[in-house]
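Protein chains: 2
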Amino acid sequence: MGYYGKHIFFCTNDRGADADRPSCNRCGASALRDYAKKRVKDLGLDGPGKVRVNVSGCLDRCEEGPVCVVYPDEVWYTYVDESDIDEIVESHLKDGKPVERLKI
Amino acid sequence: MGYYGKHIFFCTNDRGADADRPSCNRCGASALRDYAKKRVKDLGLDGPGKVRVNVSGCLDRCEEGPVCVVYPDEVWYTYVDESDIDEIVESHLKDGKPVERLKI
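One line per chain: the protein sequences are A and B, in this order.
Here the working numbering is used: the first residue of the first sequence is 67, the next is one more, and so on.
Here the working numbering is used: the first residue of the second sequence is 67, the next is one more, and so on.
Every clue listed holds true.
Each pair may be met inside one copy or between any two copies, as identical chains are not told apart.
Below, a list of computed lysine to aspartate or glutamate pairs in the EDC-like style, where the Cα atoms sit at most 16 Å apart:
| id | residue 1 | residue 2 |
| --- | --- | --- |
| 1 | Lys169 | Asp152 |
| 2 | Lys160 | Asp150 |
| 3 | Lys104 | Glu153 |
| 4 | Lys104 | Asp147 |
Since the hints were made in silico from the structure, they are not lab data.
With the hints as constraints, model all of the structure from the sequences given.
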């Protein structure tokens, strides 16, 4: 197994409100990433051999965003609100069952 | 295969010079990540189905840094200079052969 069992990256790129292309942080990515990090910690899932929640630069799937990706599974998600994050954290990161309805 | 064949994340966290713990950007992570991104582009490796080079927040292996990780392979590296980056790009990202001497 890798250093982390599940490693999730949230794109928090922000092109600003007037850009030609959308960007994840315009859809609340930073706040929802922070929420995911807190949920993982509260559930005791964080740490080596378990789960790591990171921000990243632009993952270049902007038009499908906001996006995050879970490695090593190579599962990509979009999400809207805290309930979507709850489902990713509890179903996928905790129980290992990807959330089909949020996949991109 | 996932959206990217090889997805590499460079920690560019910076705690500042006076922090108790080291941090990757104090070792030139941002500049060497930019160099990696340019090398990948120059070699025509960038894009869906191929390679993506991203920055990330703290990967929490600070004492072993500067660090980067290649997914979905789950291979972690440290690096010192552009020649190390060249080797990671050409051997691992291009040819699929991990660089044993830089693994952590």
